[in-house]
Structures are given as C-alpha cells and as structure tokens.
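Trainee: Now for the letters of each chain:
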Amino acid sequence: MARWPKPPEGSWTEHYPELGTAPISFEDSVSPEFYELEREAIFKRAWLNVGRVEQLPRKGSYFTKEIEVADTSLVIVHGLDGQIRAFHNMCRHRGNKLMWNDFPREETSGTCRQFTCKYHGWRYDLQGRLNFVQQEGEFFDLDKDATGLAPVHCEVWSGFVFVNLAPEPEQTLTEFLGPMITDLDGYPFDKMTERYVFQGDNHSNWKLFADAFQEYYHVPSLHPQQVPAPVRTGAGFECAHFQLDGPHRLVSTGGARRWTLPPEYMYPIERTTRSGLVGPWESPDIGEPPPGLNPGKIDPWGIDNFQIFPNVEILIYRGWYLMYRYWPTSPGSHRFEGMLCFQPATTVRERIEHEVAAVVFKEFALQDAGMLTGTQTALESAYANKIIEGFPVNDQEVLVRHFHHVVAAWVRDHQRKAAAS
Amino acid sequence: MTALLPAAFAGLEPFAAAWCLPTEAERYAKRLATPMSDIQAFYDAATPRAEAALAHCDAYPLDDLPEDVLHLMHLLYSLVAISFCVEAWSQQRVPDTGAAALDCLIEPVP
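The listed protein sequences correspond, in order, to chains B and R.
Take the first sequence: its position 303, counted from the start at 1, is 303 in my numbering, and no numbers get skipped.
Take the second sequence: its position 60, counted from the start at 1, is 60 in my numbering, and no numbers get skipped.
Derived from the structure by calculation, the hints contain no laboratory data.
Careful, some of the hints might be misleading.
[What the hints assert, rightly or not] Stretch-level coverage of chain B by chain R, calculated; a stretch enters the list once three of its residues show a Cβ under 8 Å from a Cβ in chain R:
1. 84–97
2. 199–211
3. 351–361
[As the list claims (entries may be wrong)] A few chain R residues that don't get close to chain B, going by computed Cβ distances all over 12 Å:
4. T2
5. L4
6. A8
7. E13
8. A18
9. A33
10. T34
11. P61
12. E87
Ideal Cβ positions, reconstructed from N, Cα and C, are used throughout, including at glycine.
Modelling step: build the complete structure from the supplied sequences, incorporating the hints.
Mentor: Structural data, given as structure tokens:
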C-alpha cells in the first residue's frame with residue numbers, strides 16, 4: 001500500500017493546530033437547540049449553492065428551491081436582461097406561494113414571461129417588480145414600486161448559482177469561496193450538461209451524512225464490495241492530500257487507477273462496459289487543468305473531493321464530476337441531492353458508461369444512507385442518556401474534525417455579533 | 001407476438017417484455033420486485049451477450065436509434081441495474097438500507 005507523506009508536524013491534523021487532537025462531540029448533530037442556532041448562524045448567513053446556470057437556459061427560465069432550514073422557498077430566474085436573480089417565492093399581496101404546481105411544497109421549474117399569483121392574479125416582472133394589480137383602485141395607498149418581490153442576494157461562480165439570505169452578506173461570493181475553490185475556475189463545468197439527479201430523504205443530521213463523504217477511513221469496512229470478494233484484503237485506505245481553506249475542505253486520493261489493476265479487481269459489468277465505480281475509464285480530455293485541481297500535485301492522482309461550506313461537495317474525477325448537497329429538514333433528517341455531470345454522450349457506448357457510473361453511485365450511496373440512520377439513532381441515545389460525550393477522530397478523518405469545528409465557530413461568531421448589536 | 005429485440009438477440013426475447021424499461025425508476029422498481037432466481041436467470045442469459053449487444057447498439061447514432069435497438073439498449077440498462085444484486089449483494093436491496101431511498105429525478109434520454 002502506498003504511503004503518502006504527511007506534513008512536517010507529523011499529521012494533517014497537527015498541521016492545523018487550531019483543530020486540536022482531542023475527542024470531538026457530535027451533540028451538534030442531535031441537539032434541537034443547536035439546529036435552531038444553525039438556521040440563523042449558518043443557513044441565513046453563508047452562500048448556498050442552489051443550482052447551475054444550465055438549469056436556466058433561456059430568458060424567462062426559472063426554478064424554485066425549498067430551503068426548510070432557512071424557513072423559505074426561493075424562485076431563481078433568468079431575467080429578460082440576462083441577469084440571474086433570486087426572490088422569496090411569495091406574493092406580496094396576502095403571502096401566497098407564488099410559483100408551484102399541484103403540491104406547494106414540491107419544487108418546480110419552467111419558463112415564463114412574468115410571475116402570476118394563483119390567488120388574486122397579481123403579476124410581477126422577472127426583475128420582481130409588481131406590474132399588475134387586479135382592481136387596483138380598491139386598495140388604500142398601495143405603492144406598487146415598493147411592493148415588488150422580496151429579493152435575495154444571488155451571485156454566480158463558474159456557473160454555480162449561489163444565494164445568500166442575509167440582509168447584507170458579510171462577504172461577496174468570491175471572498176466567501178476563497179482561493180482553494182475559485183482556483184477551479186476554468187474547469188469545464190459548463191460542458192458537463194448531461195446530468196443524473198438523485199434525491200432522497202435521509203434520517204440523519206446533514207452534517208453526519210457529509211461526514212461520511214469527507215473521509216475514506218470507512219471505505220474498506222462499509223464498502224468492501226467496491227472490489228470483488230477474491231481480492232478483498234481488509235487493508236486500510238490512506239488519502240494522499242488534505243487541505244483546508246477558511247470554512248472549506250479538500251481531500252485528494254491517489255494510487256493506481258482502478259482500470260489499470262488486474263481484471264479480477266473489477267466486476268464483469270465493469271469490464272464489459274469499461275466503466276464502474278469511478279466512472280468511465282476514458283473520460284473526455286479537459287485540456288489544461290485549472291490550478292485548483294489536484295493542488296497537492298498527487299501522482300498518480302485519483303479524485304479531488306471539495307467540501308464547500310456549508311452543505312456542498314464536488315467530487316472531480318478528471319473528465320466528469322459528482323456533486324452532493326445536504327439540505328437539513330430537522331435535527332435528525334435532511335434531504336440529500338446527488339448529481340452526476342458528464343459531457344453529453346455522443347455514442348451508445350459513452351451513454352452506457354455514464355449509466356454504469358450512475359447505477360454504481362446509487363449502490364454505494366445507499367449503503368451510506370442506510371448506515372447513517374444507525375449513526376443518528378445511536379448518537380441521539382448517547383446524548384439523551386449522557387453515556388458518552390467525546391468520540392475519537394483520527395488523522396484520516398481530519399475533515400470531519402474541521403467541519404464540526406467550523407460549524408461551532410460560525411455559531412459562536414453569530415452569537416457574539418448578535419450580543420454586540 | 002412481435003419481437004421487441006433485433007433478430008440477432010432472439011435468445012434474449014423471453015426477458016424483453018419484463019426488462020426493456022426506459023427509466024431508472026422502472027428498472028429499480030422491477031429489480032426490487034423480482035425474485036432473485038429470475039434476476040439470476042436474466043443475468044446468466046444477458047451477461048454473455050452484453051459485449052455483442054453493446055457493439056450492435058453502438059453501430060447506430062445515439063440520437064436516431066431504431067425501436068428494436070432502443071429496446072436492446074434498455075435491456076442493457078436493466079442488466080447494469082441488476083448486476084450488483086448478483087455480483088455483490090446476493091439480494092435485490094442494498095444490504096442494511098431498510099430506511100433509505102434514493103430516487104432518480106432527472107436522467108439522460110435515451
């Protein structure tokens with residue numbers, strides 16, 4: 001097994017001394033009180049990715065986003081002037097939800113020239129201005145110019161549409177993302193328009209699920225089926241590179257690529273289709289990679305796993321990428337979104353390579369999803385009964401340690417600012 | 001009955017009506033609802049023909065597949081969808097996922 005060099009301090013964790021090495025608490029993932037704090041301190045302050053510009057291909061294209069943890073639904077729209085804007089999805093007349101179909105809590109998308117409320121027919125243009133009121137003369141002192149849709153800060157980075165629910169964001173999106181993330185500029189995200197979108201309600205706190213996707217320590221144990229039975233060794237897995245930048249995190253894997261291993265390391269369906277666990281064996285050339293890709297200069301490089309605070313993960317597999325979003329719905333549940341994004345297949349063979357990647361993704365994501373319900377259940381018991389407070393977290397799990405550290409820091413910072421004002 | 005698949009794949013015709021399914025949701029539901037013995041029979045029949053089926057479909061443009069070729073491609077998708085049941089899990093469901101689900105909301109067509 002390859003041994004990757006660690007920083008001079010002797011470990012990745014000690015390279016970032018503010019993290020400490022003590023056992024950590026997961027009470028932040030079971031406490032209803034902490035969940036209430038996260039609403040204000042994180043989800044109403046941080047930039048949140050709600051989608052991609054390709055979901056808004058034309059002037060008038062829109063989609064809605066339910067953000068339960070921030071108590072809101074948003075409508076994101078491509079304006080006639082070409083600008084992308086976000087608004088609270090609510091009519092200013094008597095508060096009806098503006099854009100929805102059949103089920104008000106379900107997300108929707110489409111194309112329109114204006115927004116029309118289903119209730120009394122008020123209409124808004126795509127910049128949110130109120131431009132029609134039925135029987136306007138019946139109202140008292142109605143200032144139409146001051147009765148537009150409630151706007152939400154909206155910015156785009158590399159085609160990813162972000163919103164910020166704060167009245168005045170403390171940072172621009174670029175400042176918030178920081179250099180580790182924005183150095184991915186130039187990666188051809190815009191070409192990867194062939195998408196599979198998966199969604200599932202999961203019985204675990206949003207952070208516990210993210211934890212399972214930001215360490216590989218669990219892989220040999222929970223996912224031994226990633227290789228066929230005869231070649232399972234029980235050996236551990238060591239990641240090649242870890243990096244922190246502000247609230248964001250990166251882990252890179254390295255080592256021999258799956259398809260360069262002897263054939264017995266692959267399942268028959270992988271050998272037939274030349275695709276599998278890590279996607280197509282030959283994904284399209286992306287040209288000169290951006291400086292932010294593989295910043296640890298790992299060779300041979302495997303995957304870059306970027307954790308964008310608070311609830312986004314982007315996994316770059318060279319010529320395609322996976323993206324996860326974790327939307328809290330209660331202290332013990334969240335809605336998981338998983339997207340596989342490829343350059344559009346031009347042949348049947350390429351389409352089937354993508355299909356195999358999507359199917360195998362679901363097999364293993366379900367393993368995590370199933371198990372995390374067990375984690376949530378036991379952690380609730382641990383803190384309800386005051387059995388155990390701290391849990392040991394190793395150097396391969398440094399991103400888990402950092403994530404909970406950052407969440408706590410954001411909550412403390414918000415409390416301090418609230419107390420001062 | 002009219003054949004669903006190209007003549008060269010007549011041997012897979014007994015599986016076509018059940019497994020030529022165009023969406024992930026239909027294929028996954030079929031996987032969960034089918035006894036392992038039937039999944040194994042489909043796997044055993046289709047796996048040795050998968051290379052040839054892939055080559056047959058790949059001879060046509062992706063955006064203009066004749067109906068029988070499209071059926072064959074959907075049959076290949078189903079083989080992919082059930083392969084882990086046979087090769088890894090020895091059951092239809094992913095083990096220990098009683099409380100978990102993951103629905104495919106958007107997928108490429110075809």
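Trainee: Now tell me if each hint is right for this structure.
Mentor: Outcome of the hint check:
1. 84–97: violated (count 0)
2. 199–211: It holds: at least three residues are needed, and the region 199–211 of chain B offers 5 whose Cβ sits within less than 8 Å of chain R.
3. 351–361: Three-residue rule met by the region 351–361 of chain B, so holds; n is 8.
4. T2: holds, 23 Å
5. L4: holds, 17 Å
6. A8: holds, 15 Å
7. E13: It holds; R:E13 is separated from chain B by about 20 Å at its closest Cβ, greater than 12 Å.
8. A18: holds, 18 Å
9. A33: holds, 17 Å
10. T34: holds, 16 Å
11. P61: At roughly 8 Å from the nearest Cβ of chain B, R:P61 sits no farther out than 12 Å, so the non-interface label is violated.
12. E87: violated, 5 Å
Consistency with the previously given hints fails for numbers 1, 11 and 12, ordered from lowest to highest.
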